[in-house]
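So the sequences go chain by chain: A and B. Numbering-wise (our numbering), the first sequence opens with residue 1 and increments by one. Numbering-wise (our numbering), the second sequence opens with residue 1 and increments by one.
In short, the hints are calculated from the structure, not lab data. Just so you know, these numbers come straight off a predicted model, no measurement behind them. The reader is advised that the hints may include incorrect statements.
To be verified - Sample of chain A residues facing chain B (criterion: CB under 7 Å; computed from the structure):
| hint | residue |
| --- | --- |
| 1 | T63 |
| 2 | T64 |
| 3 | Y73 |
| 4 | V114 |
| 5 | N118 |
| 6 | A197 |
| 7 | D204 |
| 8 | G207 |
| 9 | G257 |
| 10 | E300 |
| 11 | E310 |
| 12 | A404 |
| 13 | E405 |
| 14 | L425 |
| 15 | E428 |
Beta carbons are placed, not taken as given, at the ideal position from N, Cα and C, and that holds for glycine.
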Amino acid sequence: MNQIRFLEPRADVVARRDEIRAGLANLVPADCLVTEERELVPFETDAFTAYRRVPLAVVLPETTEQVAAVMKYCSERGVPVIPRGAGTSLSGGAIPQEDAVVVGVSKMARILEVDFENRTARVQAGVTNLRISDEVSADGFFYAPDPSSQLACTIAGNIGMNSGGAHCLKYGVTTNNLLGVKMVLHDGTIIELGGKALDAEGYDLLGLVCGSEGQLGIITEAVVRLIAKPEGARPVLFGFDSSEVAGACVADIIAAGIIPVAIEFMDKEAIDICEAFAHAGYPMDVEALLIVEVEGSDDEMDAMLARIIEIARRHNVKRVKESQSALEAAQIWKGRKSAFGATGRIADYICMDGTVPLGQLSHVLRETTNIIEKFGLRVANVFHAGDGNMHPLILYNVNDPAEAEKAEAAGMEILKLCVDAGGCLTGEHGVGIEKRDLMLHQFSETDLNQQMRVRAAFDPGWMLNPSKVFPLDLAMRKAV
Amino acid sequence: MTNEVLTPASEEEAAEIIRETAAKAGTLEIAGGATKRGIGQPFEADRTLSMAKLSGITEYNPAELVLTAKAGTPVAEIEAALAEAGQMMAFEPGDWRGLTGANGVPTIGAVAAANISGPRRISAGAARDGLLGVRFVNGSGEVIRNGGRVMKNVTGLDLVKLMAGSWGTLGLLTEVSFKVLPRTETEATLVIHGATDSDGANMMAAALQTSAEVSGAAHAPETVAKRLGVGAGSATLLRLEGFADSVAARLDRLRAALPGGADADELPEAQSRPLWAQIRDVAPFAGSVSPLWRISVAPMAGHDVAAIVLRDVDGEAFFDWQGGLVWLQLADESDASADRVRAAVAKCGGGHATLVRAPEAVRRSVPVFQPQAAPVAALSERVRTALDPAGVFNPGRMVFHGSRKAA
């Protein structure tokens, strides 16, 4: 496999390892500091497991003030810092390196305030995504972004990667549901951006911080929007003879003025894999499958589904499966939600995350197939059709280096295809290290230089998550 | 505008002007339709750069739910194109000409640069949420692309958000891409009469806690309600939008959930649409020159902020965004009671107050935008310098440098 490079560890920092570890021990309680080699291993990678680097130390602070003390200490001594949530990044956003201190927020996991009248929750950044919805569910609310990893992933990580999920067609992604943060800058300065008000004062630094992949500071608290739960939600499943027809059906649903909460797409390969695993009752005689979910009261959902089914029939839908009960609804979602796990059972895979304009879906699907065939690989396509966020799962055998290299090369070609179709490299997984060296395919060097100058306004010494997002050999990196 | 006006016909021409201006340490005022010129700290610029020729929709395929236009495109032209395809900008940008007294043509670039969002902000997000991509020229004259034409995008730093609401102080926006949505089939508004401002806030909070998907929640005290033409007494207004059968069902649900809901008046689409357009455009306070504050706080704090200020100063207020957006018009023409307004905001849990309308002399003497905590102000200034190192664009529009009158 082509090794993705990291910055050279700073030799002077590595040489001072013991001194730095001792210094950190003065700043946080003993159980908040990890320095034993064996205990550092779980922090050497994230969900992008092909790359591993053992950090110098891991700090798991309990308070914002402890984070500030650690940041100040590291800043004064030129020690890079890698922010970490739950380590579920698919792009290597949380992979450390030998000269870096990992600052994890997992011990800061309290929900500080739930305010139903203002429809907000103030949480510590290490709280998991799903816990917020769990906390407010009995009172009829939820937190909208729902990444697949929501059981494990933290709000800090969600903010870092501007995470989405299946339901963002209606409710938006993290940046649309985030009202405020408390964060610690590289030098230990604590700042607050936003709050319970709906828009920003001055420049929208909150919007800039969201999706910045831990390069601008460490988030320790967040204020998020809560939304009243719909009365009910119900999916319908459609089977089509071709991906093109399924795509045209999506376009017509939207053209009819209907915005469902979710429109999920699966191709033949994905249907086969998921059905074999989940026994969700998916039709096996179709080439493409859509799961369309609507919300509302029973009457409203009936009316909405009737409209959607009529549109699907105009596209000669081959199979229609309506859910008559919560059990059937769960069954329909079960296959889709187990897609990654089910795929992982039959093969190793890499998951791409490019997003394309809706009008380009058919073209990109066709070209994806061509690319995969050229490399002699298999692909399963599962994605959020409503917002154009593609997730081709490229299947390969991790123990076959030649095949692994092919899979990575095919993935890169698919991402370039997405950009060339007017889209972007990553919709919700982030650039991390995985897509870093493709950034010049989407942006000009001038574009990236501008982004890096803005980055330097927050972190002039390039100390935070330094090997990520921006190609390593850009001159701007050396200029700061 | 008395100084020299430059009207580039292309992005490249604009970039050349900016390079040349930066080289001689000059300054530029950016003008779209110049309908919001009077907002911000008064500032001087050597020349004006007009967006008049950088106009036109560049890409719009309704099935993609995205529209791209050059920044100088009139908002009306965009709304007409959207209406023809049965779509809309979900964030419902207001027309502030009544508010500012200007009679130019508002442009889409200014909607982005000022982050102008209407009543649907509470359910569909702000202009900054709808803005998917930009092209702009930075202060060094370089053309920068950021974001794109897709709804999910975390590729690099999100400079799109940064440009939204930067009032032309970070760069010259040349092209913007907005997410659009299908126009709602119909709408209706429940009007509850006679609630105090505080009860109105409670009612709006209760409505937003139901599953009725309220897409507009405003409260107007008696004098304002009268100008809005919604009958006698104060009016608490709750809008529902969607397909007709769904709106009807949700109206019933909302009535059942609210105290006094059963007796509430119901405005059908023909009256509801113009009503919310008035709220969006701040029509109740149009045609006046009295100082006008736009205050953004937690929804339940809005009525408290207004009450604290109005206890001591003559004026009136109305509330949008479930109470979290306060439009506060004051009779005080000396300093617009700036300290009092900001103290009230701070006392009620924080947020910010922007003086969107005031005579130039007042704007010279008080901070128009909310003063920020020192580290955030310093960070903002570093960010500004990263985009416009020579300080070419709208210099000083967002930062108060003047000293207050001697104590």
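Violated constraints from the hint list, given by number and in increasing order: 1, 2, 3, 4, 11, 12, 13
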